[in-house]
Amino acid sequence: MKVFWFETYKIFSRWRTYIGFGFIALIVILTEVVMKLSANEILYRMMRSFQKDFLIFGNILNGWFVTAFIMNSLHIHIPFLIALVAGDIVSSEATSGTVRLLLIRPPSRSKIISAKYLTTLLYTTGLVIFLALMCIILGLLLFGSGDLIMNYQTQLRIVFIPEAQIPVRMLLAFSAAAWSMTVVASLAFLLSTLAENSIGPIIGTMALVIVFFVLGNFPFDFFRAINPYLFTTYMIFWQRFFDHPIPWLEITRSALILGLHSIGLFLIAFIAYNRKDIKS
Amino acid sequence: MTAILLLFSTEWIQAQEEVTRTLDAIEKKYSGLRDYVVDVRVHFDMESLNAPDMQAKLYYKAPDKMKVESKKIFFFPKEGGYFNPSLFKKKDFEVNLLEHLTYEGRKSVKLKLIPKEANRYHQIFIVTIDVERNLIREIEISPSDVRKIKTTIEYGTFDHVDLPTHIELQLDMSPSDPNEIKDFPPFGQRAKRITGKVEITYSNYKVNSDLGDEIFKDSEFYQPK
Chain A
1 MKVFWFETYK IFSRWRTYIG FGFIALIVIL TEVVMKLSAN EILYRMMRSF
51 QKDFLIFGNI LNGWFVTAFI MNSLHIHIPF LIALVAGDIV SSEATSGTVR
101 LLLIRPPSRS KIISAKYLTT LLYTTGLVIF LALMCIILGL LLFGSGDLIM
151 NYQTQLRIVF IPEAQIPVRM LLAFSAAAWS MTVVASLAFL LSTLAENSIG
201 PIIGTMALVI VFFVLGNFPF DFFRAINPYL FTTYMIFWQR FFDHPIPWLE
251 ITRSALILGL HSIGLFLIAF IAYNRKDIKS
Chain B
281 MTAILLLFST EWIQAQEEVT RTLDAIEKKY SGLRDYVVDV RVHFDMESLN
331 APDMQAKLYY KAPDKMKVES KKIFFFPKEG GYFNPSLFKK KDFEVNLLEH
381 LTYEGRKSVK LKLIPKEANR YHQIFIVTID VERNLIREIE ISPSDVRKIK
431 TTIEYGTFDH VDLPTHIELQ LDMSPSDPNE IKDFPPFGQR AKRITGKVEI
481 TYSNYKVNSD LGDEIFKDSE FYQPK
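The listed protein sequences correspond, in order, to chains A and B. Here the numbering used here is used: the first residue of the first sequence is 1, the next is one more, and so on. Here the numbering used here is used: the first residue of the second sequence is 281, the next is one more, and so on.
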């Protein structure tokens, strides 16, 4: 526990750690202000398939909708912010030359690597919670509350979630988002364990995430066949909490697959770190 | 030849007289209706709109003012969703008698209404009217492949006025206008049609309570520019 707090202190003493929080704050504020200014355009794009035939009353563009919209837009960018810290947490010891100093202290390598991993998960969860709080608080202040309308445009489908159900669904969705991001964190952490500098793990993580996302979205049978084997396929399972009915089986399956990925990646990192020959 | 022409023109004149009588009778029947307020409950049975039942209060004032008051988000069909007896005024349409029929055991007629001013109404209406009670029972809007809406209306009597208690709309619509520039659907996907059923139940009518015009000043519904 002491090692964990020590690692947490170290991570939050670095300015790099706050890039993610700053970026999120900036993006959320900018997005919500722009959305407030161009509300009519957003509503037109959102409702155009229905507004021809229905009169639509009430506050559609509310804080909950804005939160879901930002979450949907940022799920590719957040992994980069996570990789910035998770890809640096082990390798930075080698870069700064503190690794030998660290390993001659009483805590075992296993304890050190576990503490670093837990710190990575804390940062990851903290970043997602920060995103949630920023989106929801600012969203509700600027746009007010109301029922949530999820517009699945490619399927020409609208799901209507009553206001009373939204806080629970948001909590579940953000928990699922944090769960998804732990896979990215675990991947960056593994690469950080294997590397001697921080740039490689950060770029390597992002490259893998982007390539997997792209492959998973190609509309060809070959790529469709490999889709189930890419972890990125399951990373957007948080969106399913805004569907009706909530597909619990699919959510459980995705959560399990992502959980197994995280455990697997951490175990490889754990073994690699314990066997690593420290030369610098 | 002249006899055949004469016969046809006599039939045509008789049909036109019947059409005029039918629409006049409806106009006369509802001439005393100045306004109404009613509670509306909308139930959607549509694959593309997954929503719980929605409730609102609807205000109508003759000839064509309408307002919906709802604390929550409320979707309401633009056409056929609320009862407006002055919708089918004889002067606005070229009317043709399509057939005589029996609708729920009552003598009825089916009329085709073609708008004279294309700017006001964009579509052709096919209307089934119960001529015994002078009630519009069915409205079919724009019978084409692009867009079909069929409205069936059931009535109750409130303060001596027959007003809808239940309206059912059958929808089958293309997601976009044929003249609209469309976004291409994602690769390998065909644009789905919006189909399904909307059921609207009306209750707690307050008829002719002299609603002021100020009630209708602020329209709360979202209308894109």
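FYI, nobody ran anything at the bench for these hints, they're computed from the structure. A few of these clues could be false.
[Claimed, not checked] No farther apart than 27 Å at their CA atoms in a straight line, the calculated lysine-lysine pairs in the DSSO-like style are these:
{"#": "1", "chain 1": "B", "residue 1": "Lys358", "chain 2": "A", "residue 2": "Lys52"}
{"#": "2", "chain 1": "B", "residue 1": "Lys341", "chain 2": "A", "residue 2": "Lys52"}
{"#": "3", "chain 1": "B", "residue 1": "Lys497", "chain 2": "A", "residue 2": "Lys52"}
{"#": "4", "chain 1": "A", "residue 1": "Lys36", "chain 2": "B", "residue 2": "Lys392"}
{"#": "5", "chain 1": "B", "residue 1": "Lys308", "chain 2": "A", "residue 2": "Lys52"}
{"#": "6", "chain 1": "B", "residue 1": "Lys387", "chain 2": "A", "residue 2": "Lys52"}
{"#": "7", "chain 1": "B", "residue 1": "Lys347", "chain 2": "A", "residue 2": "Lys36"}
{"#": "8", "chain 1": "A", "residue 1": "Lys36", "chain 2": "B", "residue 2": "Lys371"}
{"#": "9", "chain 1": "B", "residue 1": "Lys337", "chain 2": "B", "residue 2": "Lys396"}
{"#": "10", "chain 1": "B", "residue 1": "Lys352", "chain 2": "A", "residue 2": "Lys52"}
{"#": "11", "chain 1": "B", "residue 1": "Lys428", "chain 2": "A", "residue 2": "Lys52"}
{"#": "12", "chain 1": "B", "residue 1": "Lys369", "chain 2": "A", "residue 2": "Lys52"}
{"#": "13", "chain 1": "B", "residue 1": "Lys309", "chain 2": "A", "residue 2": "Lys52"}
{"#": "14", "chain 1": "B", "residue 1": "Lys341", "chain 2": "A", "residue 2": "Lys36"}
{"#": "15", "chain 1": "B", "residue 1": "Lys351", "chain 2": "A", "residue 2": "Lys36"}
{"#": "16", "chain 1": "A", "residue 1": "Lys52", "chain 2": "B", "residue 2": "Lys477"}
{"#": "17", "chain 1": "B", "residue 1": "Lys351", "chain 2": "B", "residue 2": "Lys370"}
{"#": "18", "chain 1": "A", "residue 1": "Lys276", "chain 2": "B", "residue 2": "Lys428"}
Since this is a predicted model, take the numbers as computed values, not measurements.
| Which numbered hints turn out to be false for this structure? | Hints 4, 5, 6, 8, 9, 13, 14, 17 and 18 contradicted; others consistent.
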